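Enquirer: This is what each chain is made of:
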Amino acid sequence: MNDIIIKIKNLTKTFDGGIIKALNGINLEVQEREFVAIIGPSGCGKSTLLNMIGGLDMPDSGEVFVAGKDLLKERDLARFRSQRVGFIFQLHNLIPTLSALENVQIPMFGSRLTKSEAKRKAYRLLEMVGLEERMESLVPQLSSGERQRLAIARALANSPQIILADEPTGNLDVQSGDRILRLLQLINKQEEVTLVLVTHSESVAKAANRIIYMLDGKIWEEL
Amino acid sequence: MSFLSLIIKNLLRNKIRSILTSVGIGIGIAVVITFLTFATNLNQSYMDIINRCKGDLIVCQKAVQDITSSSIDQDYIHEIKRYKEVEKAYGQIITNISLRDIPSFLIFGIDPEDIDIYLGSEKPTLGKKIRHKGEIMIGKIASYTFRKKVEDLMELGPNKRFKVTGIYETGNAFLDSGGIVTLRDAQEIANLKGRVSAIVIDSKMDADTRRLSSMIEVTFPDLLVIRSSDFINTQKEVKSINRFAWIFSLLAIVIGGIVVMNTLIMSVFERTREVGILIAVGWRRGRILKMIWGESLILGAIGFVIGVILGIVGVLIIASTSTHINASFHLGTFLIALSVSLVLSIVGALYPAYRTSKILPAIAIRYE
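Chains A and B supply the protein sequences, listed in that same order. Start counting the first sequence at 1; every next residue gets the next number (the working numbering). Start counting the second sequence at 224; every next residue gets the next number (the working numbering).
Rather than coming from a laboratory, the hints here were simulated on the basis of the structure. Treat the hints with care, since some could be wrong.
[What the hints assert, rightly or not] Listing some non-contacts, in silico: residues in chain A with all C-beta distances to chain B over 10 angstroms:
| no. | residue |
| --- | --- |
| 1 | L28 |
| 2 | Q31 |
| 3 | S61 |
| 4 | P140 |
[Claimed, not checked] Pairs of lysine-lysine residues, derived as DSBU-like cross-links and limited to a Cα-Cα distance of at most 35 angstroms, are as follows:
| no. | chain 1 | residue 1 | chain 2 | residue 2 |
| --- | --- | --- | --- | --- |
| 5 | A | K9 | B | K581 |
| 6 | B | K581 | A | K218 |
| 7 | B | K386 | B | K372 |
| 8 | A | K121 | B | K232 |
| 9 | A | K115 | B | K232 |
| 10 | B | K416 | B | K372 |
| 11 | B | K386 | B | K416 |
| 12 | B | K513 | A | K115 |
| 13 | A | K119 | B | K232 |
| 14 | A | K21 | B | K581 |
| 15 | A | K115 | B | K581 |
| 16 | A | K69 | B | K513 |
| 17 | A | K73 | B | K513 |
| 18 | B | K285 | B | K356 |
| 19 | A | K119 | B | K238 |
| 20 | B | K277 | B | K416 |
| 21 | A | K69 | B | K581 |
| 22 | B | K581 | A | K7 |
| 23 | A | K119 | B | K581 |
| 24 | B | K513 | A | K119 |
| 25 | A | K121 | B | K513 |
| 26 | A | K121 | B | K238 |
| 27 | A | K69 | A | K7 |
| 28 | A | K115 | B | K238 |
These numbers come from a predicted model, not from an experiment. Built from N, CA and C at the ideal position, the CB exists for glycine as well.
Excised from the complex, chain A in its bound form (with noise of 0.2 angstroms):
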């Protein structure tokens, strides 16, 4: 049995004063090198609960402790984000203007790594996702599923213990999607990092080990 790395209590958010009610009363308990699935409409809630995990949001109520943090608590919240979870957004959110390498080092800001190790490790990455004869190439040079391979790759970039993906096959094609979740599935395996994924479409959810159904705010069936 692994040791728990995400534990929610009674999470409550709400959006506009109160009048939307986002998250409502969630309890989730997530193990090390678990690979879930949470699988709910569009505004069920899910995508705020992803940002809840990673520390982008606050909530109204409840507790969140990742990767022995509480996040309620916890100062440094910028450190926790940048050592302890990586996202992967619907929309990759990569900076155009810089090339696959710049944008894998961009999280490396901060680090203790030198700049020589920041692209040795920038580099190591790239090629993991496939992606190192597209090092030089700029954003918008790469296709829609090579940009989510190197957004893959820039979440890795401080080796946390969570990556956190809101819809990353949203905007695929089924094949380049299906490339993606074995990408994901085998960093899961490799690299032993813990992953929650945040979508809309069974299939995709299916790649994960544990299924968490949403809806209105609250946690409906668990697979």
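Position chain B against the provided structure of chain A, taking the given hints into account.
Expert: Same frame as chain A, but now just chain B:
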């Protein structure tokens, strides 16, 4: 990739905007350099003349705009010489006349025996010093302007012909663009018979100059006694020019600040999502702010270089069209311009930095 190269790449995203911003700052800096250079040169030229006079006190007419408008009775010289504190007192005339195409020609009138006051112990560059009525020495700039050489005749008004005895070069724009005649000739030219513009007092070694000033002012209520070191501050025309230079410089600074702020605000607005991403990948807000300050400082530095070039060119062009203005540059002016570009960079980035510090990452990463 270094942090600096990231900042430079950010600026290169929109090259035209970055260039225009730097040019905007540059114009502001150029205005500062041009106006402050002229104001400084004007002050220095004035002070140089006062220093050449080698007096402790200057006596002139009360409540006049500046020394060229002052007119006091020449007999005061003898009255003032009677004070035991006075070592030497002499009168001089500084007057401004218009000559054909030249709107302003400064004439300095002094007794030939006191001529060294203006020229020091050096001889004129060409020719000799004035000795008699009807003679004039002209500065090098004036000799170019009026195309006059030694022995030429120069007309300073109807039936006022002067023989050029010498041409001098002092480095002082006022003196070098003007001419020196005898006190009596100057009085005739300025229609000030029996009067002088000012009396210079050289007091004795341990004289109480403050007491001497008070005594003269009490005895002769129409006179104003000014310490030589304070003289520049009493010249209303100089003060107006200084004020004018600073007002224009401040205006240029404000416009430059708005240009920088506008560019950085647009840049930050356009990159809202990117800022959210940087926060998401673990960048501290301080590092993001440093990036914005860095962009601003580089824009300011390029603007400073452009401003220095434009400023120097501007000063040289304007100086070439004016006889009274030196085109000499001062380190202090460039240091002020550098400070201005730094302040513009820092102040211009204030609001964009504030805006960045308020960005919520969860919202920013979905920003369209």
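Enquirer: Taking the hints in turn, state whether each one holds.
Expert: Right, here's what the structure says about each hint:
With 10 angstroms as the threshold on Cβ separation, the claim that L28(A) sits away from chain B holds: the shortest Cβ distance comes to roughly 18 angstroms. The Cβ of Q31(A) sits about 24 angstroms from the closest Cβ of chain B, beyond the 10 angstroms cut-off, so the non-interface label holds. Even its closest Cβ contact with chain B, about 17 angstroms, leaves S61(A) beyond 10 angstroms, as expected for a residue assigned away from the interface. With a cut of 10 angstroms on Cβ distances, P140(A) stays outside the contact zone with chain B, its closest approach being about 12 angstroms.
For a cut-off of 35 angstroms, the pair hint linking K9(A) to K581(B) stands: about 28 angstroms separates their Cα positions. Between K581(B) and K218(A), the direct Cα distance comes to roughly 30 angstroms. Compliance with the 35 angstroms bound is thereby established for this hinted pair. With a C-alpha separation of about 10 angstroms, the suggested pairing of K386(B) with K372(B) holds against the 35 angstroms cut-off. With a CA separation close to 22 angstroms, the supplied pair K121(A) and K232(B) stays within the 35 angstroms bound.
Distance restraint check for K115(A) and K232(B): the Cα-Cα separation of roughly 17 angstroms lies within the 35 angstroms cut-off, and the hinted pair is therefore satisfied. Annotation: proposed proximity of K416(B) to K372(B) holds, straight-line Cα distance about 29 angstroms (limit 35 angstroms). Distance check on the hinted pair: K386(B) and K416(B) sit about 21 angstroms apart at the alpha-carbon level, within 35 angstroms; holds. At most 35 angstroms may separate the alpha-carbon atoms for a hinted pair to count; K513(B) and K115(A) meet this at roughly 19 angstroms.
For the hint linking K119(A) to K232(B), the alpha-carbon distance of about 17 angstroms falls within 35 angstroms, and the restraint holds. For the suggested pair K21(A) and K581(B), the alpha carbons sit about 24 angstroms apart, so the restraint of at most 35 angstroms is met. Simply put, K115(A) and K581(B) have alpha-carbon atoms about 30 angstroms apart, close enough for the 35 angstroms limit, and the pair holds. Our distance criterion of 35 angstroms between C-alpha atoms is met by K69(A) and K513(B), whose separation comes to about 28 angstroms.
With a C-alpha separation of about 26 angstroms, the suggested pairing of K73(A) with K513(B) holds against the 35 angstroms cut-off. A C-alpha spacing of about 30 angstroms is found between K285(B) and K356(B), which places the hinted pair at or below 35 angstroms, so the restraint holds. Using a Cα cut-off of 35 angstroms, the hinted pair K119(A) and K238(B) holds, with the two alpha carbons roughly 27 angstroms apart. With a CA separation close to 25 angstroms, the supplied pair K277(B) and K416(B) stays within the 35 angstroms bound.
Between K69(A) and K581(B), the direct Cα distance comes to roughly 24 angstroms. Compliance with the 35 angstroms bound is thereby established for this hinted pair. Proposed proximity of K581(B) and K7(A) is supported: the alpha carbons are some 29 angstroms apart, at most 35 angstroms. Taken as a hint, the K119(A) and K581(B) pair is honoured in the structure, with Cα atoms around 32 angstroms apart against an allowance of 35 angstroms. Between K513(B) and K119(A) the alpha-carbon distance is near 22 angstroms, which keeps this suggested pair within the 35 angstroms criterion.
The straight-line distance between the Cα atoms of K121(A) and K513(B) is roughly 25 angstroms, inside the 35 angstroms bound, and the hint therefore holds. Pair hint K121(A) plus K238(B) holds up; C-alpha atoms about 31 angstroms apart against a cutoff of 35 angstroms. As the CA atoms of K69(A) and K7(A) are separated by approximately 10 angstroms, the hinted pair is consistent with the 35 angstroms bound. Proximity of K115(A) to K238(B) is assessed by CA-CA distance (about 27 angstroms); at most 35 angstroms being required, the pair is judged to hold.
Consistency with the previously given hints is maintained throughout, with no hint failing.
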